[in-house]
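Work out the full structure: start from the sequences and follow the hints.
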Amino acid sequence: MYQQPWKPAHGSMNKTCCLLKSEKVSGVRNSHQLGLPGEEETLRNFLSDSDHQLLIMDVIKTQQIAARPIDKVIVHPLVLLSIVDNYNRVAKDTRKRVVGVLLGSSFKGTVDVTNSYAVPFEEDEKDPSIWFLDHNYHEAMFSMFKRINAKEHVVGWYSTGPKLRENDLHINALFDSYVPNPVLVIIDVQPKELGIPTKAYCTVEEVKENATQKSQKVFVHVPSEIAAHEVEEIGVEHLLRDVKDTTISTLATEVSGKLTALKGLDARLTEIRGYLDLVVDGKLPLNHEILYHLQDVFNLLPNLNVNELIKAFAVKTNDMMLVIYLSSLIRSIIALHNLINNKMLNKEHEKAEDLKPVSTPTAWGS
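The opening position of the sequence shown corresponds to residue 1120 in our numbering, with each subsequent residue numbered one higher.
Hints are computed from structural coordinates only; laboratory data are not their basis.
Be a bit skeptical, because a hint or two may be false.
[As the list claims (entries may be wrong)] Within a straight-line C-alpha distance of at most 20 Å, the following computed EDC-like cross-link-like pairs (lysine to aspartate or glutamate) qualify:
id: 1; residue 1: Lys1336; residue 2: Asp1190
id: 2; residue 1: Lys1245; residue 2: Glu1285
id: 3; residue 1: Lys1270; residue 2: Glu1258
id: 4; residue 1: Lys1311; residue 2: Asp1246
id: 5; residue 1: Lys1282; residue 2: Asp1212
id: 6; residue 1: Lys1215; residue 2: Glu1271
id: 7; residue 1: Lys1311; residue 2: Glu1271
id: 8; residue 1: Lys1211; residue 2: Glu1242
id: 9; residue 1: Lys1211; residue 2: Glu1241
id: 10; residue 1: Lys1227; residue 2: Glu1271
id: 11; residue 1: Lys1435; residue 2: Glu1373
id: 12; residue 1: Lys1215; residue 2: Asp1204
id: 13; residue 1: Lys1191; residue 2: Glu1285
id: 14; residue 1: Lys1282; residue 2: Glu1390
id: 15; residue 1: Lys1311; residue 2: Asp1212
id: 16; residue 1: Lys1282; residue 2: Glu1312
id: 17; residue 1: Lys1282; residue 2: Glu1349
id: 18; residue 1: Lys1282; residue 2: Glu1258
id: 19; residue 1: Lys1211; residue 2: Asp1243
[To be verified] Beta-carbon label-pair distances, calculated as ranges:
id: 20; residue 1: Gln1335; residue 2: Phe1432; range: 46 to 52 Å
id: 21; residue 1: Lys1466; residue 2: Ala1431; range: 52 to 58 Å
id: 22; residue 1: Lys1475; residue 2: Glu1356; range: 29 to 35 Å
id: 23; residue 1: Glu1244; residue 2: Asn1268; range: 34 to 40 Å
id: 24; residue 1: Gly1376; residue 2: Leu1420; range: 20 to 26 Å
Fair warning: this is a prediction, and the values are worked out from it, not measured in the lab.
Cβ atoms here follow ideal geometry from the backbone N, Cα and C, with glycine treated the same way.
Given below as structure tokens:
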């Protein structure tokens, strides 16, 4: 039902861009987690001893499930709807972001995010090292969700970003106590372009090549996609049927899809060029794996100096231009035909009006 607008051959470009993002997102300076006064105390004392035992058992079970590396993150439409609704109620028309917990399951490196809930979160805009996340509220909420669906576990957390921030590594470290290797999903609640509004990340230990510095955790991009169960698909189809613009033709949809794909390609090429410029300037270390993927991308490029290929492109372009010319000509002829018919109908209507007898008023004498 949903698919990414553009995907290069063999996934070389996607792998390259994922590695570029992991290169750019490095560890931040040491900061201290300071507690700001929370706004919600509703579920502060809700947890009982049995709830704590449920939470500990879930962490142990999740450690067994999430021991393998993460290869893909699947986000369900219900999660997106819940996050957007919470953002509109809490942080709409502000610079604040919404943070919450992701629930779901993990199997063979694939994280399936099926549910979520928001958590009270505050941060200092001037000093990113000062932030507060109400983990007591999270534990109380999770205990209630656990009673409804015991198969859902904590798989990570989400943020409305719309980009990674300096304190995200420290927030992610807080979720390490609930699930090993938690997933961070950034949701763009106000997308400027069509496409998948989710970006998933997980942390890995980065060790310098010269081994002179201490290893640190960095974010690595993980492929994400939107998927739904059969029941969710029916609901989404009904929702799209209500909001779908019937005036948009299939051709316009295909053209907009092509445009979105070209914009995605341009963004990836711009990102690659920016990374190479930073490497040349000495601001980023050289990563041989990224260069290998770039070489694979360049090897997939066609040789445009072949005469047969140039002729084939020219013939296809001429055929397309001929179709466009004929379409414009047919459209003009139809418009002219409608104009002539309209003129003839107006003349016939005027003649019919002229042939009608004129009624004269009768004078009544006294």
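Straight-line alpha-carbon gap Lys1191 to Glu1285, limit 20 Å
Answer violated: Lys1191 to Glu1285 is near 24 Å, above 20 Å.
Between Lys1227 and Glu1271, is the straight-line Cα distance small enough, at 20 Å or below?
16 Å, holds
Proposed proximity, Glu1258 with Lys1282 (alpha carbon, max 20 Å)
26 Å, violated
What's the verdict on Lys1311 and Asp1212, does the C-alpha distance respect the 20 Å limit or exceed it?
15 Å, holds
Given the hint that Lys1282 pairs with Asp1212, test it: the Cα-Cα distance must not exceed 20 Å.
17 Å, holds
With the threshold set at 20 Å, check whether the alpha-carbon distance from Lys1311 to Glu1271 stays at or below it.
Distance of about 32 Å is beyond 20 Å: violated.
For the pair supplied as a hint, Lys1282 and Glu1349, is the alpha-carbon distance within the 20 Å limit?
This hinted pair is violated, its Cα atoms lying about 31 Å apart.
Lys1466 versus Ala1431 beta-carbon gap, inside 52 to 58 Å or not
53 Å, holds
Satisfaction of hint between Glu1312 and Lys1282, Cα-Cα up to 20 Å:
15 Å, holds
Gln1335 and Phe1432, beta-carbon distance inside 46 to 52 Å?
49 Å, holds
CA of Lys1282 to CA of Glu1390, is that 20 Å or under?
Answer holds: Lys1282 to Glu1390 is near 15 Å, not above 20 Å.
Compare the distance between the alpha carbons of Lys1215 and Asp1204 with 20 Å, and conclude whether the hinted pair is satisfied.
15 Å, holds
Violation of the numbered hints given earlier is confined to hints 4, 6, 7, 13, 17, 18 and 22; the remaining hints are satisfied by the structure.
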